[in-house]
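What follows is each chain in one-letter form.
There are 2 protein chains.
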Amino acid sequence: MTMPAVDFFYEFASTYSYPAAMRIGAVAEAAGVSLRWRPFLLGPIFTEAGWTTSPFNLILAKGRNMWRDLERTTEAMGLPFRRPDPFPQNSLLAARIATALPDDGKRAAFSKQVYRAEFGEGLSIADAEVLGAILKRLGVEPAPLIVAAGSEANKQALRATTDEAKAKGLYGAPSIVTADGELFWGNDRIEQAVEWAKTHA
Amino acid sequence: MTMPAVDFFYEFASTYSYPAAMRIGAVAEAAGVSLRWRPFLLGPIFTEAGWTTSPFNLILAKGRNMWRDLERTTEAMGLPFRRPDPFPQNSLLAARIATALPDDGKRAAFSKQVYRAEFGEGLSIADAEVLGAILKRLGVEPAPLIVAAGSEANKQALRATTDEAKAKGLYGAPSIVTADGELFWGNDRIEQAVEWAKTHA
Chain X
931 MTMPAVDFFY EFASTYSYPA AMRIGAVAEA AGVSLRWRPF LLGPIFTEAG WTTSPFNLIL
991 AKGRNMWRDL ERTTEAMGLP FRRPDPFPQN SLLAARIATA LPDDGKRAAF SKQVYRAEFG
1051 EGLSIADAEV LGAILKRLGV EPAPLIVAAG SEANKQALRA TTDEAKAKGL YGAPSIVTAD
1111 GELFWGNDRI EQAVEWAKTH A
Chain Y
931 MTMPAVDFFY EFASTYSYPA AMRIGAVAEA AGVSLRWRPF LLGPIFTEAG WTTSPFNLIL
991 AKGRNMWRDL ERTTEAMGLP FRRPDPFPQN SLLAARIATA LPDDGKRAAF SKQVYRAEFG
1051 EGLSIADAEV LGAILKRLGV EPAPLIVAAG SEANKQALRA TTDEAKAKGL YGAPSIVTAD
1111 GELFWGNDRI EQAVEWAKTH A
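Those protein sequences? They're chains X and Y, same order as listed.
The first sequence: position 68 = 998 (my numbering), numbered continuously.
The second sequence: position 162 = 1092 (my numbering), numbered continuously.
Wrong hints could be hidden among the right ones.
Identical chains blur together in the list; that is why a pair holds if it fits in one copy or across any two.
[Said to hold, decoys possible] Below, a list of computed lysine-lysine pairs in the PhoX-like style, where the Cα atoms sit at most 20 Å apart:
(1) K1066 <-> K1098
(2) K1042 <-> K1066
(3) K1066 <-> K1036
(4) K992 <-> K1096
(5) K1128 <-> K1085
(6) K1066 <-> K1085
(7) K992 <-> K1036
(8) K1098 <-> K992
If you're looking for bench data, these hints aren't it; they were derived computationally from the structure.
No experiment lies behind these values; they were computed from the predicted model shown.
Extracted from the complex, chain X is given alone in its bound form (with noise of 0.2 Å):
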């Protein structure tokens, strides 16, 4: 029997993947589940949606309670927390310098990085500076890197998961999808995903 696995799809600009990518990571291991890092876009989705921006700017009272229980969540984590400004931040360069990236841990690591600049340190993660210094503590030259993220073949490798993340049926983030299509929305299901994946292999 080869390891059961789950894709994490991810957003960087979403709020609830920063607790979630904090943790997955552990979550699965202990599991014996391995983990695909799968970063996409969510403003092609919401805007097929009709939204014009993130739903917690739209209804003022659930963003209101998003940001008190993001507090609480991150807070009981042990995770530094800061409310970017603006809100939501443009994720498209972290996105695609993260699909340039290997999932071999560099991915990962890069993701988790950029999460805590931008929910624990307040920086802006639309900025190459911020995301070129990220790279060069991973230990990888940030210029190629860049270079690469804006090439034509890594623009496509991001918009074909983003298609991928919509044919499964993905509607926010972070969602967790298992091998049998098993849909799984928000940090809180990351337990059931996986526990899921490991009974279904």
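Keeping the supplied structure of chain X fixed, place chain Y upon it in accordance with the hints.
Relative to chain X, chain Y alone:
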């Protein structure tokens, strides 16, 4: 020190209010937190948000996953599940009856049976006979209670609860509010809400 208490705001048409209603009593009791059962109407709040029906009907992918997730959730709890048709159900009469019942156990028992009829058996909760049969099983004579439920004073009491829910920042159901005004949204937050009430009493 008085016993800590939380307000459990629920809407009879709300899907996740079903598992929440079925388990919140046990969670609160185990923690030594008392529970106020607060039926309210989401309709007026959704209307202000510009929605003409449930967001689960407006965003198809979101609705699909919600039904699947509810199926998984109820299965894990050993609860029967049937998708109501139509969805959402008209919850006005059920909410008025629940409001007219005293919050001494009768309101909770009635509410849980309404959820079971709606989401477990596929019955119409807009049907006075369905609700009357539930009242009878609880030892309450249906006719006078349904009359009381339609009185101006009782309608006004339900409107006041809905106004209070809105003032407390509610935008969905189920929601739990602690004495110090902390708002928790969703069946997934019952444990945290009760824990909060216990540690912030």
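Verification of the supplied hints:
Neither within a single protomer nor between protomers do K1066 and K1098 lie at most 20 Å apart by alpha-carbon distance, with minima of 34 Å and 46 Å respectively. With identical chains, the CA atoms of K1042 and K1066 are at most 20 Å apart within one copy only, with a shortest distance of 14 Å there and 57 Å across copies. In this assembly of identical chains, the alpha carbons of K1066 and K1036 lie at most 20 Å apart only when taken from the same copy (12 Å versus 63 Å across copies). When the C-alpha separation of K992 and K1096 is checked against a cutoff of 20 Å, the pair qualifies only between copies, where the shortest distance is 11 Å, while the shortest distance within a copy is 24 Å.
In this homomeric assembly, K1128 and K1085 never come within 20 Å of each other (Cα to Cα): the closest approach is 33 Å inside a single copy and 50 Å across copies. For a Cα distance limit of 20 Å, the shortest separation of K1066 from K1085 qualifies neither inside one copy, at 22 Å, nor across copies, at 64 Å. In this assembly of identical chains, K992 and K1036 lie within 20 Å of each other by CA distance neither inside one copy nor across copies; the values are 34 Å within and 31 Å between. Proximity of K1098 and K992 under a CA criterion of 20 Å is satisfied inter-copy only: 12 Å between copies versus 26 Å inside one chain copy.
Violation of the numbered hints given earlier is confined to hints 1, 5, 6 and 7; the remaining hints are satisfied by the structure.
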